[in-house]
Structures are given as structure tokens and as C-alpha cells.
Amino acid sequence: MDRKQCCVKVSVQPSRGLVDEKFVVLVQNAFPGFQLTVHAHHQCEDGHGWEAFGHYTADATGTVNVSEDPSLGGTYSGAEPMGLLWSLRPVPGSKPGLRMRKKNVQTPMEITVSVYQGHQTEGFVDQVPLTGVVVERWYMAPGVQRIPITEDGLTATLFLPSGPGPFPGLLDLWGGGGQLVEYRAALLASHGIASLALDYLTPKITMETGKMVDNQYFETAYRVLQQHPKVLGSRIAMLGLCFGTSITLKMAVYSQVVKLRCVVCISGSHVQPVDGNLEQILSFFKKNADKSCFNEDNEVIWRDLLLPIPTDPSLKVDVGRLQCPLMLVVGEDDQNCPAYESAMDMKEMMERAGNSHLLTILSYPNAGHLIEPPHTPHARSSSLRTIGSRHMLMALWGGQTAEHSRAQEDSWKKMLAFLRENLYGGTDPGARLISHL
Amino acid sequence: MLRAAPPLLSVQPTRALVDEQFSVLVEKLPLACPVTVRSLHHSEDKDDWEAYGFYVSDHRGVVSVSEDLSFGGTYTGKEPMGLLWSMRPVPGSRSGLRLRRRNVCGPMLVNILVYSGHEGFRGRAPLASVLTERWHMAPGVQRIKVGQEGVRGTLFIPPGPGPFPGLLDLWGGGGGLVEYRAALLASRGYVSLALEYFSAGELQSADVEFSYFETAFNIIKEHPKVMADRVGLFGLSLGSMVSLYLASESTVVQPRCIVCISGNYCYPRGQMLRGVNENLRNRYFDKERVDENNHHIWRDISLEIIKDPAEKVNVSKISAPMLLVNGCDDQNWCTVETAEDITQMMRAVGKEHLLSKLAYPDTGHLIEPPYSPHFRATNFIVDITKKKVILLWGGQTKPHSDAQEDAWRKILSFLQHHLYGSPTLKARM
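Chains D and E, in that order, give the protein sequences.
Residue numbering for the first sequence is 1 to 437, as defined by our numbering.
Residue numbering for the second sequence is 1 to 429, as defined by our numbering.
Since the hints were derived computationally from the structure, they do not count as laboratory data.
Glycine included, each C-beta is placed from N, C-alpha and C at the ideal position.
Treat the hints with care, as some may be off.
Some but not every residue of chain D turned toward chain E, in silico, with C-beta under 10 Å [what the hints assert, rightly or not]: (1) G132; (2) P310; (3) T311; (4) P373.
Here are the simulated SDA-like cross-link-like pairs (lysine to any residue), alpha carbons at most 20 Å apart as the crow flies [stated by the list, open to error]: (5) D:K211 x D:P142; (6) D:K230 x E:E20; (7) D:K413 x E:L25; (8) D:K22 x E:E20; (9) D:K230 x D:P142; (10) D:K230 x E:S199; (11) E:K388 x E:S199.
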């Protein structure tokens with residue numbers, strides 16, 4: 001087949017999109033009925049290669065529309081507009097246990113989308129594709145400001161949306177891996193919410209003194225956000241994943257300082273010593289470490305550490321006292337944390353206390369622990385160095401890729417709507433008074 | 001002090017190519033609330049450009065620029081892209097301005113803002129704003145300066161393995177090196193050479209012979225990423241004339257197809273390019289008019305010229321498909337009459353089937369990529385006198401902008417058909 005005569009073209013719209021935006025991949029000018037492979041490649045910041053691909057057959061006009069046409073095989077199947085992104089996996093020969101996480105959010109992820117002849121499954125790097133384009137995926141919208149925060153001993157980054165403000169705010173907490181993880185806060189700021197990504201496990205102060213931060217660290221972070229001239233101090237939310245949920249629930253229920261408009265907890269639990277600080281919560285988990293088990297691939301499963309859900313009230317955050325809306329996002333195949341069981345227990349506690357009208361539970365079958373912003377690759381397991389140890393373990397997070405990816409897309413959409421409704425909607429306390437004037 | 005949450009303004013997508021649409025949505029407004037949606041751009045020349053529409057929110061507190069009617073401003077009616085194509089310099093700006101992007105490696109930054117109320121919005125602080133980027137270059141497009149063999153220009157190469165069809169991109173009598181259309185064409189899959197053939201305002205001293213254009217054409221043809229038998233010509237105004245002359249007289253340039261926007265075909269036989277404007281205007285000086293604003297109209301000069309066969313390119317020698325794109329209100333050149341005349345010349349030799357013509361009502365001379373602001377009259381340095389005058393290009397903003405949008409779509413499909421071809425068509429042939 002004379003490639004020169006074929007002139008296949010591929011286009012992706014938008015060519016520069018936000019990470020949570022959908023795109024349309026269109027292949028045109030192929031021979032009708034032609035078999036082809038649409039392939040995506042990305043080289044992440046660590047230098048590892050990632051790829052995804054789908055097998056298609058051009059229709060009578062020589063066109064393949066990835067948003068509408070079914071993939072007949074590859075790293076995803078069926079009609080999957082975003083399959084080229086969420087099914088990305090390390091290229092053959094990569095080291096095991098990789099997880100894709102963008103560190104520098106001020107530059108885009110670059111993906112090369114190419115079209116190959118026939119239904120291929122390997123050896124892409126040795127072939128010249130028929131055609132290809134480059135696509136950018138951004139965590140930061142234009143005009144979003146990134147502001148490192150180091151005052152009052154904090155290690156954090158504030159992302160301010162584009163515009164004069166003032167904006168509602170959000171405290172963003174990740175989980176047990178630590179580090180200052182910025183990408184979710186950057187994306188939330190791109191949707192109009194001033195978001196503070198907070199490092200609370202490995203902040204500068206802990207790395208220098210060896211001491212974990214106390215509860216006041218979180219109250220300080222809240223205050224810094226609340227008092228920022230571009231933030232609406234009465235409209236602040238908190239978002240936590242995994243261990244971040246533990247902190248979030250503690251602050252939402254017990255803190256005298258932290259007053260939240262709403263709370264989102266992803267893949268987390270309310271089980272913790274309620275009077276404990278960070279260090280004590282971590283020791284509580286470590287005490288139960290003998291409940292870890294390993295599967296046949298030597299991946300560690302930590303969900304049992306908090307099971308069974310205790311009946312002792314001193315070991316569970318009393319969510320019956322919560323006064324603001326709470327959204328729980330859980331994967332039913334979470335192998336790291338008993339998020340589903342915890343959610344059911346929280347529901348029961350809130351029903352008994354009479355505040356269950358505040359609760360929304362999003363529960364996803366076959367979704368795992370790492371419920372991230374949509375259209376990003378799913379890691380069923382990955383290597384992890386636990387805080388304070390030198391060992392690398394392979395942690396099993398769980399989830400089946402296609403369903404986990406659907407869960408990411410659905411939960412993100414619902415989370416954004418929940419945050420918008422509670423942060424942009426409703427009245428301010430006392431506002432009704434002012435409207436009479 | 002209690003502060004209310006601002007309305008939620010979102011633009012999708014926030015980063016786009018200049019020929020792509022966006023949708024602007026304002027939510028969480030009070031119900032049935034009058035607001036102004038405005039665009040603001042600070043140009044490379046340090047002028048401020050704006051457009052705005054007056055809207056009223058519905059009973060969900062929403063304004064959708066794509067769906068709702070604008071009740072006034074720089075555009076009215078249901079106009080999803082009005083915030084771009086109706087842009088004009090802000091009050092108090094210098095006169096005769098034209099907005100043309102110079103640095104195509106970065107985006108045009110356009111701020112979209114929302115204000116409460118209609119009249120007098122400029123005196124109020126905006127309620128919300130979102131910054132958007134409008135790009136001429138898609139990701140992965142390469143920009144390469146060309147300097148070999150005396151040719152001055154910039155080559156834009158699409159991403160991907162290639163090979164690609166090619167285009168020689170020629171602008172008009174203003175001169176200089178104008179890159180943005182070639183960058184956009186490369187973003188649509190064509191290796192494009194933006195060619196400088198005389199310096200800005202220097203047509204009178206331009207030393208360029210037609211071999212210059214032949215060399216430029218060959219640079220594209222011989223590029224390793226170009227399909228040598230699929231190189232076309234793309235010209236506007238004087239650039240159209242050059243394209244037609246090359247296609248009819250050159251033994252070297254054999255274009256696969258030709259796009260002529262606002263084209264003229266007047267080339268005094270045997271003369272160098274530099275003589276063109278001087279010759280034409282000197283001979284028909286009495287036909288130059290000015291309107292009530294002292295804007296110069298050259299259209300009547302052109303009507304005289306096309307009467308004389310010795311002044312025209314012999315287009316009947318052209319054997320490539322041609323797309324002629326013109327505005328019926330062109331005050332700079334009688335482009336529609338020219339197109340009719342070209343049709344007659346082609347018909348006489350049985351080649352009319354090679355012609356496709358578009359003539360847009362109330363559209364002027366400067367038919368640019370879509371959503372570019374319309375320029376009815378702008379500053380122009382007349383090469384002979386070095387005087388700065390204001391030339392009347394013509395067109396009414398709304399129909400001219402519709403024409404730009406329609407023309408670009410049709411130009412892209414013309415290029416796709418002739419330069420990329422269709423496999424089934426080829427099989428039949």
C-alpha cells in the first residue's frame with residue numbers, strides 16, 4: 001500500500017485542554033474499511049514512557065471518530081472517547097510499580113496521538129506511523145496563579161483562579177505518601193475555587209526537626225486561606241483523600257477554628273483515636289500493622305488495618321455532630337482502606353444523630369483506592385515508600401481499569417457540582433438581614 | 001464585611017486555535033439580571049481592543065453567550081463568537097489601527113469579563129473574569145526561519161512523520177513578513193512558507209523578480225517533509241496577483257491548486273513587481289477618491305485597469321484548480337468584477353470548470369481567518385510618497401465576519417480536496 005497516496009489525517013480537539021476536559025479524536029482520509037490503530041504516547045517527567053491504543057475500522061467515508069466508534073481491542077475496548085488517556089500504561093520493559101503523577105503543574109502533559117496501519121499491539125516504537133499530532137493537557141487554566149506558602153511554618157501552595165475574586169476557598173489534603181502534591185488544587189482553581197495544597201506529612205518543619213505537625217498546623221492553614229484578601233473567608237471547604245480524610249473529618253467535627261461550608265472525603269475512613277494528633281493516629285494504624293496481608297504478587301493490602309469498624313466511640317470521628325454537607329467517594333474494590341465499610345458506618349451514625357440529610361455517598365463497584373481527577377491513568381498497584389521507613393513496598397490499591405476510570409469521571413463531575421453548589425450557592429450568614437436594607 | 005460569592009464565569013476551551021469556537025457561560029447570577037460580557041485584549045502594539053454584549057440572565061441565574069441574544073454592544077443577536085470578531089480599539093485609541101499578531105509562538109491573551117448592568121459598565125469593577133488563550137500554532141508545529149538562496153520567510157511544519165502537502169503563503173501590498181496565516185495552515189496539516197517579498201511599505205523599491213518566488217516555491221517542494229506534487233499557492237490581494245502570474249507564466253511553479261483572496265490580476269507585462277503600484281496609480285491618479293472621512297478608495301482605479309487586456313495576467317494559461325474569494329463591498333479593488341473577468345477568460349478556453357468563486361455581500365477587502373476583527377479602514381503607508389493614509393477596505397462588520405468564517409471553512413475543504421485528495425476518488429481515477 002502506497003502510504004503517500006493514503007494521506008490519512010488525525011485531529012484532536014481541543015489540542016490544548018484541561019486534564020478534566022474531554023477531547024474528540026478524529027481520523028480522516030483513510031481507505032474505507034481500513035484497519036488502523038490509534039495510539040497515544042506520553043513521556044512523563046521521570047522519563048518513563050506510557051502508551052495506550054485502540055483498534056478501529058474506518059467507515060465508508062474513511063473516517064474513525066474515537067468518541068463514537070467502538071475500539072475492537074487494545075488497551076481499551078468499546079466506544080471510549082477518553083480511552084487513549086485513562087488506559088495509558090507503562091511501555092513494555094518499564095520497571096514495575098509506576099504511577100503517573102505530574103509534579104510541575106505549570107507545564108502541560110504532552111501526548112503524541114498517532115495512527116498506525118493495521119491492528120497492532122506492540123513494536124510501535126520501531127515503526128513510522130501514518131500520521132500524528134501533539135496534544136497538551138493542562139492542570140492550570142490560563143490566568144490561574146500559583147503561590148508558594150511558607151508563612152507560619154506551613155509547606156503549601158495556593159492556587160488562585162483567574163479574575164478579580166474574591167473566591168471561595170478549599171484546603172486540599174492528599175494521603176499517606178506525603179509530599180506536596182499540587183495538581184488537584186491547580187485543577188480546582190481552574191474551576192473557580194482558591195485551593196491550598198497542603199503538605200502535612202513531609203513538610204519542611206518535619207523534615208528539619210523530625211517531629212510530626214500537630215492539629216494547630218491545619219488550623220493555621222485554614223486561617224491563612226481564610227484571611228487571604230482574594231478568598232471569601234465564610235466559604236471554605238476541605239477535601240481529603242485517604243489519610244487526608246482522617247484529618248478532614250477530625251477538623252470538620254472537632255476544630256473550634258475550622259468552620260467549613262462543606263467537606264469531601266475520598267477513599268477514607270472516620271476510624272481514628274479522636275483525641276489523637278497526627279502522630280498518634282499514625283501509631284494507631286501501625287499498631288494494627290499485623291493485619292496487613294499480601295496477595296500472590298506480593299502486593300500489600302492494608303484495608304484490614306481498620307477492620308472491623310470499632311463500636312468504641314473514642315475510636316471514630318463523631319460524624320453525627322457534623323453541621324455541613326459531606327460527600328463520601330468510595331471505591332468498592334479499595335484494597336488499601338475500608339472506605340465502603342466506613343461510609344456505611346458513617347451513614348448509620350448520621351441517621352441515628354438525625355443529620356444524614358447532609359450526607360451524599362458515591363460508591364463505585366470495581367473502583368479502587370486512588371480515585372483521581374478524570375482521564376488520568378489508573379494504577380491498580382504501585383510502589384510506595386511508607387513514611388519513616390526505608391523499604392519500598394508494592395501497595396495494592398485495587399480497581400478494574402475501565403470501571404475505575406468511569407468512577408473517576410463521574411465522581412469528579414459530581415464533586416465539582418457539589419463544591420459549586422455549596423461554595424457559590426446559598427446565602428452568607430446574615431445576608432438575609434442585609435438584603436432588607 | 002460580608003462579601004457575596006461572585007458569579008461563576010467559565011469559558012470552554014480556555015486554550016484554542018484562533019479558528020476554533022469557544023463557549024462563554026456565566027452562572028450563579030441573580031435572576032433576570034442585566035449584565036455585560038466583555039472581551040479585552042492588550043495588543044503587541046500596546047493598544048487595547050474590546051468587544052461587549054448586553055445580556056439578561058434567565059431564571060436559573062445563567063447567561064450563555066452561545067445560546068442567548070445580546071441586546072446591544074459591539075454586536076447584537078445570538079453570536080457565540082461576537083466577543084472576538086466584533087473587537088475594536090477602546091474609546092480614545094489611535095485611529096486606523098489593525099490587529100495582526102506578530103509573535104505566533106505564543107498565544108493572544110484575551111480576557112473575558114462580566115460586569116453588572118449595561119450602560120456605563122466601564123465605570124464599574126468586573127464581577128468576574130477569565131483569561132483565555134488564542135493560538136495560531138497548534139502543539140508540535142515547528143517554526144523555522146528560512147534564509148537560503150536569498151529567500152526571506154518562515155516555514156511552518158505540522159507535527160507528525162509527514163510527508164505533507166505544501167503551501168506558499170503570500171500577503172499583499174503592505175509588505176513585511178506576516179506569519180500568522182501560515183502558522184495556522186500548518187496547524188491544519190500543510191507545510192506553509194510565509195514569504196516576505198518586500199519590506200513593509202517598501203513596494204516601490206522592491207527589487208524582486210519572479211525568480212524569487214520560484215526559488216521560494218522550490219524550497220517547499222524540495223523539503224523532505226513535503227509531497228513535491230502537492231504544493232499550492234495561497235495569496236491575498238497583491239499576493240493573489242503574484243500567484244496568478246506564477247501559475248500562468250512560470251515553467252518552474254506548477255501549483256496543485258490556488259487560493260486567491262481579494263485578488264487582482266493586474267500586472268503590466270514586462271515590468272518588475274516594484275513597478276506595479278506606482279504604474280497603476282500614476283496612470284489612473286484621477287480615479288482615486290476619498291470618502292467623507294478622508295479614507296482613500298482605490299476601487300475606481302481598478303475598474304479602469306481591468307478594461308485593458310495588456311494590464312492583465314493571462315490567466316487562461318493556468319491549468320490548476322482555483323478558488324477565488326472576494327467581498328462585494330471591496331473598496332480597494334474591484335475583486336468581484338475581476339473574478340467575473342477571469343471567468344470569461346477561462347470560459348473562452350474551456351477551463352471554467354477549474355474555477356470556484358465565492359462573492360460575499362457587504363464584505364470588504366481584508367478577508368482574514370475567522371473571528372479576526374473586521375477592519376473597514378486602516379492606516380497604510382503609500383510606498384511612493386511614504387505618506388501614511390487611511391485606506392478604505394470596505395465591508396460591514398457582521399456580514400464581513402460571517403464571510404470570514406464561511407470562507408475559511410470552504411478554503412480548508414478546497415485545500416483538503418486538492419492537496420490531501422480522497423482515496424476513493426483516486427481509486428476511481
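How the hints compare with the structure:
no.: 1; hint: G132; result: holds (4 Å)
no.: 2; hint: P310; result: violated (39 Å)
no.: 3; hint: T311; result: violated (41 Å)
no.: 4; hint: P373; result: violated (16 Å)
no.: 5; hint: D:K211 x D:P142; result: violated (38 Å)
no.: 6; hint: D:K230 x E:E20; result: violated (32 Å)
no.: 7; hint: D:K413 x E:L25; result: holds (17 Å)
no.: 8; hint: D:K22 x E:E20; result: holds (16 Å)
no.: 9; hint: D:K230 x D:P142; result: holds (17 Å)
no.: 10; hint: D:K230 x E:S199; result: violated (49 Å)
no.: 11; hint: E:K388 x E:S199; result: holds (16 Å)
Violated hints for the displayed structure, listed by number in ascending order: 2, 3, 4, 5, 6 and 10.
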